[in-house]
Amino acid sequence: MSALAAVLPASLTPDQVRTLERAYAVAAYWHRDQTRKSGEPYITHPLAVAAILAEHGADHELLCAALLHDVLDDTACPVGDLTAEFGEEVTRLLTDLRALDDPELRGADWESSTDERVLTLKLADRLHNLRTMRFLPSEKQLLKSRETLDVYLPVADRLGMAELGRELEGLARTRLGLPAFRVLTAGAVLLPRDVRARWLAEWLGELYWLSDPRSRRRLAAELLVGLPRLAATLRGPAFRRGLLAALRWIVRSNLRTWALLGPLIAWMVLETTGLGDALTILITVPPVLAAGVTALRARLRD
Amino acid sequence: MTPQTLAVLRELLDDPSAEHYGLELRAATGLAGGTLYPILVRLEERGWVESRWDDPAAHQGRPPRRYYRITEDGLARARAATAPRAAVRWGPVGDVS
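So the protein sequences, as listed, match chains A and B.
Our numbering applies: residue 1 is where the first sequence begins, and numbers increase by one.
Our numbering applies: residue 1001 is where the second sequence begins, and numbers increase by one.
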């Protein structure tokens, strides 16, 4: 029960705490054989949703509904049992929440006609689901992210839950704005294998907190450009000296330099679609590269 | 020591007990992300800086952040490194023999 105690606000009366402990026990009982996609016991999800709501100042009824919110949908628990034990209001919150997920039940104007507490519960539920969506199949992740931006973000705005809305948006956009992180993940093969995941985790943590897509793209680009240097740093001074020696050896000879750059130019020319573009690349790229090689030679000369 | 490394050290020295995450140091120093992280790696290798993941309980499923802080050892050496040269020249003169 200590997991629940850590979540509950201090303002609750002893009676309310007892009811919530009971709700937690009932939910844990009905979800007892279920696990999240992450492999964790299912009860961790309703508990996390209750924790999010507690942070937003939810009352004991809403916290109770949060703990029980998936019992009706996902288990055989009878509605009557819940009403008898937790009261009409908690059951109403739960059935209204269930109606939200059903397009036939919720009505066209559900965003304005649904009780604010039910919407708040739905937002908290969605927030925790997005926080843990990495365990879902990727098409589901994309679907949920899209729906969050289109449907739930306006709801969060209307309810004045700016902080929660920002986090929802950040999570959804990070997932949908995937190219930046995907490119970074691909580039990370340059890093030593044993620390690759650690750096990607750190950068994902930073990208996550940047709310607008442009600054995220910019950070990703900076990190990408810096990858070779970070890789060299992580591999230690001996590697750096080796790399430098290899680079010196390559640029000392024209043959070796252009044997390396030639395929690159050929690839660029072949990748372009029109003849004009191909010619432009052939005319402009080699001189630029040649200037680069000259500059590099000057810098590498001891 | 490069000016970029000095900029990072100055930021860490500003409040030696504070922990900084990468994005914060990047904003404060104006360095690009690709420049900042290799500097942090080198400082950590030398024992001037230590880092840790934030508390798992604090992020509730959000991706965790990595925090950097200057070490005791790093504090003394970084102060010497970032001190203006003039201060060194004007310091007390020791035994010259």
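Honestly, the hints are just simulated from the structure, not real lab data.
Where a beta carbon is used, it is the ideal one built from N, C-alpha and C, also for glycine.
Each hint should be verified, as a subset may be incorrect.
Covered stretches of chain A (in silico footprint by chain B; criterion: 3 or more residues with CB under 8 Å from a CB of chain B, positions within the stretch not fixed) [as the list claims (entries may be wrong)]:
1. 58-68
2. 206-212
3. 228-239
Below, a sample of chain A positions facing chain B; criterion: calculated Cβ distance under 8 Å [stated by the list, open to error]:
4. ALA201
5. GLU202
6. VAL225
Over the 12 Å line for every Cβ pair with chain A, so calculated as not near, a few chain B residues [as the list claims (entries may be wrong)]:
7. ALA1007
8. GLY1033
9. PRO1038
10. ARG1042
11. GLU1050
12. ASP1054
13. THR1071
14. LEU1075
15. ALA1081
Checklist entry - Which hints from the list above does the structure break, by number from lowest to highest? => result 1, 8, 9, 10 and 12
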